[in-house]
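Undergrad: Each chain, written out:
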Amino acid sequence: MEIRSELTLQEKLHILADAAKYDVACTSSGVDRRGREGYLGNSVAAGICHSFAADGRCISLLKILLTNHCIYDCKYCLNRSSNDTVRTAFTSREVCELTIEFYKRNYIEGLFLSSGVWNSPAYTMERICEALYLLRNEYHFNGYIHVKAIPGAPEELLAAAGYLADRMSVNLELPTEKSLRKLAPNKTHKAILRPMRMVSDTIAEHRLAIGKSAQMERSGSTRRLGGGIFSGTGDRIREKTDQSGFVGDVHPLKEQMPAEDLIVRGSQSANVERESFSLPAELRRQNLQRPFAPAGQSTQMIIGATPETDYQLLKTTQYLYQTYDLKRVFYSAYVPLNEDSALPAIGTPPPLLREHRLYQADWLLRFYGFRADELLNEERPDFNELLDPKCDWALRHLELFPVEINTADYGMILRVPGIGPKSALRIIQARRHGKLDFPHLKKMGVVLKRAHYFISCNGRMMYATPIEERYIARQLIGVNEKENWQIRHSKKGGFRQLSLFEDFQMEA
Amino acid sequence: MTVFTCEDTFEAMMTCVYDAWASRLGHDNLRLQLEPVWQQSLFCDYVHVDADFGKAAKVVRTIQRKISYEAYRQVFLAAMSFEPDRLDAIYRFLVLGFAVGGKLTRMLSRPEVVWIFELSRKANTEANYFREFTRFSQVGPIYVAHIEPKCNVTAISAAHFADRMPSEYWMLIDDNRRIAAVHPKDQAYYMTRLTPEELDQLRETEEEEDLYTDLWREFFESIAIEARKNQKCQRTNMPIWYRKHATEFRKGRIG
Chain A
23 MEIRSELTLQ
33 EKLHILADAA
43 KYDVACTSSG
53 VDRRGREGYL
63 GNSVAAGICH
73 SFAADGRCIS
83 LLKILLTNHC
93 IYDCKYCLNR
103 SSNDTVRTAF
113 TSREVCELTI
123 EFYKRNYIEG
133 LFLSSGVWNS
143 PAYTMERICE
153 ALYLLRNEYH
163 FNGYIHVKAI
173 PGAPEELLAA
183 AGYLADRMSV
193 NLELPTEKSL
203 RKLAPNKTHK
213 AILRPMRMVS
223 DTIAEHRLAI
233 GKSAQMERSG
243 STRRLGGGIF
253 SGTGDRIREK
263 TDQSGFVGDV
273 HPLKEQMPAE
283 DLIVRGSQSA
293 NVERESFSLP
303 AELRRQNLQR
313 PFAPAGQSTQ
323 MIIGATPETD
333 YQLLKTTQYL
343 YQTYDLKRVF
353 YSAYVPLNED
363 SALPAIGTPP
373 PLLREHRLYQ
383 ADWLLRFYGF
393 RADELLNEER
403 PDFNELLDPK
413 CDWALRHLEL
423 FPVEINTADY
433 GMILRVPGIG
443 PKSALRIIQA
453 RRHGKLDFPH
463 LKKMGVVLKR
473 AHYFISCNGR
483 MMYATPIEER
493 YIARQLIGVN
503 EKENWQIRHS
513 KKGGFRQLSL
523 FEDFQMEA
Chain B
409 MTVFTCEDTF
419 EAMMTCVYDA
429 WASRLGHDNL
439 RLQLEPVWQQ
449 SLFCDYVHVD
459 ADFGKAAKVV
469 RTIQRKISYE
479 AYRQVFLAAM
489 SFEPDRLDAI
499 YRFLVLGFAV
509 GGKLTRMLSR
519 PEVVWIFELS
529 RKANTEANYF
539 REFTRFSQVG
549 PIYVAHIEPK
559 CNVTAISAAH
569 FADRMPSEYW
579 MLIDDNRRIA
589 AVHPKDQAYY
599 MTRLTPEELD
609 QLRETEEEED
619 LYTDLWREFF
629 ESIAIEARKN
639 QKCQRTNMPI
649 WYRKHATEFR
659 KGRIG
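Chains as they are written, first to last, in the numbering used here: chain A, 23 to 530; chain B, 409 to 663.
One or more of the hints may lead you astray.
With the Cβ distance kept under 10 Å, some of the chain A side facing chain B (calculated, not the full set) [stated by the list, open to error]:
#1 S73
#2 V357
#3 Q451
None of these hints come from the bench; they were simulated from the model.
Here the structure is a predicted model, which is why all the values come from computation and not from measurement.
Every residue, glycine too, gets a C-beta built ideally from N, C-alpha and C.
Bound-form chain A, shown alone (with noise of 0.2 Å):
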């Protein structure tokens, strides 16, 4: 548990990075913002990979923890306290160096900086704070930033980390209190949701403060549907919800609330009293010409370590876009790293496909006006492991299709399996102009081999495709079967014989 300082840079950056890449937000994206004469660095809004490592995961910021010293005692971390590792810390020189001298190599769009809690999360906070603040003002860097704030420290740290960096996060670990309360000891949703809290209110504050709406802004797709989660007021939100009977399910998060909390904020509902974080006046002055996190708010769930379903986790990921207005969610398929009774065994290969099928809901949620019960629901728990959401939800109303390029509305057309938001606005321009067959579909991205079951053009579709589920279901599977068995045996390549009753659910 001792420091040990005879380490060189080397030897710390192999230690601190391996034990940081388990966090799995690595985007630079969410803000726009021009590079300075005499600093050094812009961002680019829809982010920069600039390497793919092994795993095939991008790597776009220099991604490690500041110490791997902690206190805490979270059975599936690396870090966890019981652990006999090695134990370092970069000072914070060393972390401003290695981020100027790899960004201006182009090696890297930023810097992620994240940590174990060492001592407490006060004195953690604060030596971010003070790398973070060097790298700004004394080494003039004006690149990405993500930091992570850690639960439990002071309000005036997080507030400053937020005035520093672009984007922000809160693990929130695990979605249900009691998976958190058997794996992470030390942590509370309670003490995690309440940063959380306060960075959105903070950032939603800094908004309107310098003219724009309290809500971050969602991509184009989402703006012209009108529905969706993120779409209009908080009271139309909470109609909604209310028929679809959310608000009356026993939520995952919402016993963890405060009541006010409830409200689901809508972009109209200024005058909420929020509760942001408060600076000294002069502070604040200075700090305002620094956004307050402008590129939003992440967070991350771990799966597989712990029992819930696919339609908890993504109510969970629906409820925290709609309440703490977050950017991102992202999950990370649990790799067990630790012996314990209470987690996988060592070698259970992570639920890579699961994870997978979670983030193309995620997609479908924040893109293509998708809601959380469109896709899942408590007799259908789990996402299908052989067809993607998308296809999967078209099969089960196929009574909308097929759909006629020619006249239908862009929410329709956005809905059609191997259709995303930028064919169907391309669609939708081009239709004006003359009508579309399918070799203009094809040269306009659009993936036919998904599409052609669900579309027409000019009242014809491209094969005499019978309108059955059972048929567009097999068809559609053995499109998916090769995406779906790589990503599963990514790394042994072990073989297995394809069996008809199993792989293409034909009965017998």
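Got chain A; can you put chain B on it based on the hints?
TA: Frame of chain A, contents of chain B only:
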């Protein structure tokens, strides 16, 4: 059939469009082609066009005013692609564009528009890739990067780096086309042609190794999760041909 030919620069291409249009031969009776012309057709007249800044500027201005800025952006990007017929494609696109005006780029049911849309998308994608996968090495106070793009994206990527590192000396070199973007500290960058000797000299800069190249390789190795190893996904996201000049993959470290 008359064929207007010009060399492979944006200015020359725009001049060529101007001259072809002004010839009043009728759009169906002429073709535009980039030099070098390897094989001439028997029944064609070949007219060489030299770049003329004034004419090129007029064409650019007219596209922006009569069609749209988006159309100009697509024409520029398509001109940077490596499709041999791109000049004629641009001409057909503009012929339609001057007839229909601002809605041109949305008319994706027309083959002329789709053609330019595809070419510009290809060039734009590649420019984005080089924004990501370009690696600078430090040589004294200067940062030097080498790239070998298929499309001519050096100028486009350089604009991004000029914004990203305004107060550094840096240089972005296209090894195949022998052109470079040079950026002096706190000034605008400029494009320049390199002689083969200069290029040979500059090529050595890539061998430059220091503490941070080693640290970067260390980081690159450490950040991958063994249990999730997926080489196919890595190759899809970062195709091998982009890795030629990437620090973390050099010295036989592919994979």
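Undergrad: Hint by hint, say whether it matches the structure.
TA: Going down the list of hints, with the structure as the test:
1. S73: 6 Å, holds
2. V357: 5 Å, holds
3. Q451: At about 4 Å, which falls below the 10 Å cut-off, the nearest Cβ of chain B leaves the hint on Q451 (chain A) intact, so it holds.
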